[in-house]
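**Student:** Go by the hints and put chain B onto chain A.
Number of protein chains: 2
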Amino acid sequence: MKVLKFGGSSVATVEKIKNIAAYLKKRTEQEKLVVVVSAMGKTTNALLALAAEASSKPNQRELDRLLSTGEQQTIALLAMALCDIDVPAISLTGIQVGIRTSGIHTKSTIRKVETSVLEESLKDNDVVIVAGFQGVNRHNAVTTLGRGGSDTTAVALAAALGCDCEIYTDVAGVYTTDPRVYPKAKKIEEISYQEMMEMSSLGSKVMEPRSVELGQKYGVKIYVGKTLSDEKGTYIMKSTEITEEKVISAVSANDRIIHVQLDKLSGEPAVVANIFKVLSSHHVNVDMISHNLKQEGCRIEFTCNEDEEAFLNAGLDELQAAYPMMKVRLNKDVSKISVVGIGMRNAVGVAAGIFEILEKNNIPFMQVTTSEISISFIIDTKNSPLAVAAICETYQL
Amino acid sequence: MKVLKFGGSSVATVEKIKNIAAYLKKRTEQEKLVVVVSAMGKTTNALLALAAEASSKPNQRELDRLLSTGEQQTIALLAMALCDIDVPAISLTGIQVGIRTSGIHTKSTIRKVETSVLEESLKDNDVVIVAGFQGVNRHNAVTTLGRGGSDTTAVALAAALGCDCEIYTDVAGVYTTDPRVYPKAKKIEEISYQEMMEMSSLGSKVMEPRSVELGQKYGVKIYVGKTLSDEKGTYIMKSTEITEEKVISAVSANDRIIHVQLDKLSGEPAVVANIFKVLSSHHVNVDMISHNLKQEGCRIEFTCNEDEEAFLNAGLDELQAAYPMMKVRLNKDVSKISVVGIGMRNAVGVAAGIFEILEKNNIPFMQVTTSEISISFIIDTKNSPLAVAAICETYQL
Numbered sequence: 000m001k002v003l004k005f006g007g008s009s010v011a012t013v014e015k016i017k018n019i020a021a022y023l024k025k026r027t028e029q030e031k032l033v034v035v036v037s038a039m040g041k042t043t044n045a046l047l048a049l050a051a052e053a054s055s056k057p058n059q060r061e062l063d064r065l066l067s068t069g070e071q072q073t074i075a076l077l078a079m080a081l082c083d084i085d086v087p088a089i090s091l092t093g094i095q096v097g098i099r100t101s102g103i104h105t106k107s108t109i110r111k112v113e114t115s116v117l118e119e120s121l122k123d124n125d126v127v128i129v130a131g132f133q134g135v136n137r138h139n140a141v142t143t144l145g146r147g148g149s150d151t152t153a154v155a156l157a158a159a160l161g162c163d164c165e166i167y168t169d170v171a172g173v174y175t176t177d178p179r180v181y182p183k184a185k186k187i188e189e190i191s192y193q194e195m196m197e198m199s200s201l202g203s204k205v206m207e208p209r210s211v212e213l214g215q216k217y218g219v220k221i222y223v224g225k226t227l228s229d230e231k232g233t234y235i236m237k238s239t240e241i242t243e244e245k246v247i248s249a250v251s252a253n254d255r256i257i258h259v260q261l262d263k264l265s266g267e268p269a270v271v272a273n274i275f276k277v278l279s280s281h282h283v284n285v286d287m288i289s290h291n292l293k294q295e296g297c298r299i300e301f302t303c304n305e306d307e308e309a310f311l312n313a314g315l316d317e318l319q320a321a322y323p324m325m326k327v328r329l330n331k332d333v334s335k336i337s338v339v340g341i342g343m344r345n346a347v348g349v350a351a352g353i354f355e356i357l358e359k360n361n362i363p364f365m366q367v368t369t370s371e372i373s374i375s376f377i378i379d380t381k382n383s384p385l386a387v388a389a390i391c392e393t394y395q396l
Numbered sequence: 000m001k002v003l004k005f006g007g008s009s010v011a012t013v014e015k016i017k018n019i020a021a022y023l024k025k026r027t028e029q030e031k032l033v034v035v036v037s038a039m040g041k042t043t044n045a046l047l048a049l050a051a052e053a054s055s056k057p058n059q060r061e062l063d064r065l066l067s068t069g070e071q072q073t074i075a076l077l078a079m080a081l082c083d084i085d086v087p088a089i090s091l092t093g094i095q096v097g098i099r100t101s102g103i104h105t106k107s108t109i110r111k112v113e114t115s116v117l118e119e120s121l122k123d124n125d126v127v128i129v130a131g132f133q134g135v136n137r138h139n140a141v142t143t144l145g146r147g148g149s150d151t152t153a154v155a156l157a158a159a160l161g162c163d164c165e166i167y168t169d170v171a172g173v174y175t176t177d178p179r180v181y182p183k184a185k186k187i188e189e190i191s192y193q194e195m196m197e198m199s200s201l202g203s204k205v206m207e208p209r210s211v212e213l214g215q216k217y218g219v220k221i222y223v224g225k226t227l228s229d230e231k232g233t234y235i236m237k238s239t240e241i242t243e244e245k246v247i248s249a250v251s252a253n254d255r256i257i258h259v260q261l262d263k264l265s266g267e268p269a270v271v272a273n274i275f276k277v278l279s280s281h282h283v284n285v286d287m288i289s290h291n292l293k294q295e296g297c298r299i300e301f302t303c304n305e306d307e308e309a310f311l312n313a314g315l316d317e318l319q320a321a322y323p324m325m326k327v328r329l330n331k332d333v334s335k336i337s338v339v340g341i342g343m344r345n346a347v348g349v350a351a352g353i354f355e356i357l358e359k360n361n362i363p364f365m366q367v368t369t370s371e372i373s374i375s376f377i378i379d380t381k382n383s384p385l386a387v388a389a390i391c392e393t394y395q396l
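Chains as they are written, first to last, in numbering that gives the first Met the number 0: chain A, 0 to 396; chain B, 0 to 396.
Extracted from the complex, chain A is given alone in its bound form (with noise of 0.2 Å):
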């Protein structure tokens, strides 16, 4: 048995529908298939923008189930076609699977995948069908699982079940860095789920890091390739297992990420403790923090994702009616660049490499954070090709 994902550029139209159609058929010769499919193409995106025009703050139960038809209707059309050419297949949705989720609306996370409805429809049919991006609630209402919720759906399952998990996009595995940034980027054979996590939790666009996380917890063997291709993918796996371990894996950028400076508070902990209560009240995910007194008070500095502007900007809202004097600045014109290498751990020398390149390609700094395996810097946007490309070439990525 195997669990399969295509994402919504691979179901963008009925055609590329059945043309997985024809290749599943062909798959189940060999095994039982449990198949997660995304929304078709710009669907998530179109949904979307009906909701901006309901409500310019959409009620987030009813956005979740707005946004969890797309993945019904890619679920109905994919069965459809799937029996069309006499192959046994059902399309089941979160809700009926039992993938129950906790957490907020358009946020949720999965917190148990029932097996017992899956296995029953396994037995009647070839291929089973599951919605992406989707569960229930405790209150049984419809919850979406945020941005690259699909992944974690058909990683959960797999754990659920078992088995390993082929997620397929429009990209054929995992690069040392985004092609379409440095066009001599090598794709990647075996990767650990640690590296792939800080990659993908540090911008790089091929996997969610929780669907990752979920992958390392339940040892479920994560197989990434590009739709209907012969092209090898890569494996994400566990470190033990991978045949060459490197110092440095990959580089990513995210550009993705706000910048922000809030200048004049008190020094007191007891106010910066509140900043960062306030922010996770209001779900913003801060990532890199710095703290740092000056004469004319308190900065400041984290980033968060793009995403969660609208949350960041309630959060703001409600710390500058607290802290009056506190003057606020944005700035979306950042990257962070970010170098993984699960051999970093034993490596000695790799910051200062990495310092080196910046300095002689004239690449100035903000902040800088470290884990085990890997160096986070945030850098003008305009900045970030050029620094890609440098690191890469010296590591030979």
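Hints are computed from structural coordinates only; laboratory data are not their basis.
Since the model is a prediction, treat every value here as computed from it, not as a measurement.
Mixed in with the good hints there might be a few duds.
When chains are identical, the list treats them as one kind, so a pair holds in a single copy or across two.
What the hints assert, rightly or not - For lysine to aspartate or glutamate, the following DMTMM-like pairs were computed, each having C-alpha atoms within a straight-line distance of at most 20 Å: (1) K41 x E52; (2) K24 x E244; (3) K24 x D123; (4) K56 x E14; (5) K56 x D85; (6) K231 x D177; (7) K15 x E52; (8) K359 x E392; (9) K111 x D254.
**Tutor:** Frame of chain A; chain B shown alone:
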């Protein structure tokens, strides 16, 4: 409490949905509302086109899933629009309400409406929005109720909650005949369930017959009026409550029928019985039937709805295989004209009057059927407008 239903053209755009939200806000000052909505504008047709692309004979379970997404989008958008103007509102799908259905996919019938979730939701909200046209069967699959199914949903909810029902469409009520065919047609203020049932089953497009039948069974007073208009509509109610009883209330013309002629059959009762058994097994609703013995064999004629053409063809294929000598002729260029009036029960000579009108206007008719409160006959579609006009003028409709 009231159940209100808005059809697809009334919710065709988000702007229209917002106008309805503003209207509902005013209504909530007086009462709690349950609102049933259809899919936006031509959404259902667009989804049917996608299904046709996926398969020439789409799996019916999956077709129901696909079609049910249209209403889910409308309920979410209406709930958002209501929340946006501070009206506590929540949306529920047919599954969430517990609209239990039986029968085949795409043509299911409501067997039970649960009220617990509805009543619970009405406690916390001023408006509970329910997806029309859909329910859930014993296999926990989404089912749809066929053409006009949202009307049925609305009346069934009103019956379950014990309140009146208001159906809003783009026509201002029930007319003595279709004003597009006969512009001098008059609006009917009050009409009995029986008359309305005859009219709707005979082709008048205002209300689905099953919904009127449901209204009669549970004594739900149904108001039919124009969306967001002050113009007075039509009440569908018990005949005993109607102020003025007329001999003839209305004339309807149904152009969307197929006339079927089967020739060269043996006249044995077993053959005749088998023909209708096979058609029934293919879910063809046979309407008017006639049966003639001729020298060259037996001729059977009947009519059915144009929507059932696929079912009809499947049934005729099976019959052709069983009776290779049988000759089949289909004619779609026919209309069924029906004259309806509750007062017909107590009046004599109505049929004679109708036949005289047809004769005077040189309109030949093929088949005739009568009920206690109606007379129906089949004529060529080209004569349909003339027949309607002549009857309306004679009876001042």
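**Student:** Now, for every hint given, state plainly whether the structure supports it.
**Tutor:** Hint check results:
Both within a single protomer and between protomers do K41 and E52 lie at most 20 Å apart by alpha-carbon distance, with minima of 17 Å and 19 Å respectively. In this assembly of identical chains, K24 and E244 lie within 20 Å of each other by CA distance neither inside one copy nor across copies; the values are 37 Å within and 64 Å between. For a Cα distance limit of 20 Å, the shortest separation of K24 from D123 inside one copy, 15 Å, qualifies, whereas the shortest one across copies, 48 Å, does not. Taking the shortest alpha-carbon separations for K56 and E14, only the inter-copy value of 16 Å comes in at or below 20 Å, while the best intra-copy value is 36 Å.
Taking the shortest alpha-carbon separations for K56 and D85, only the inter-copy value of 12 Å comes in at or below 20 Å, while the best intra-copy value is 45 Å. Proximity of K231 to D177 under the C-alpha cut-off of 20 Å is restricted to the intra-copy arrangement: shortest distance 17 Å within a copy versus 64 Å between copies. Taking identical chains as interchangeable, the C-alpha atoms of K15 and E52 lie at most 20 Å apart only when they sit on different chains, with a minimum of 11 Å there against 30 Å within one chain. For a Cα distance limit of 20 Å, the shortest separation of K359 from E392 inside one copy, 13 Å, qualifies, whereas the shortest one across copies, 95 Å, does not.
Neither within a single protomer nor between protomers do K111 and D254 lie at most 20 Å apart by alpha-carbon distance, with minima of 33 Å and 54 Å respectively.
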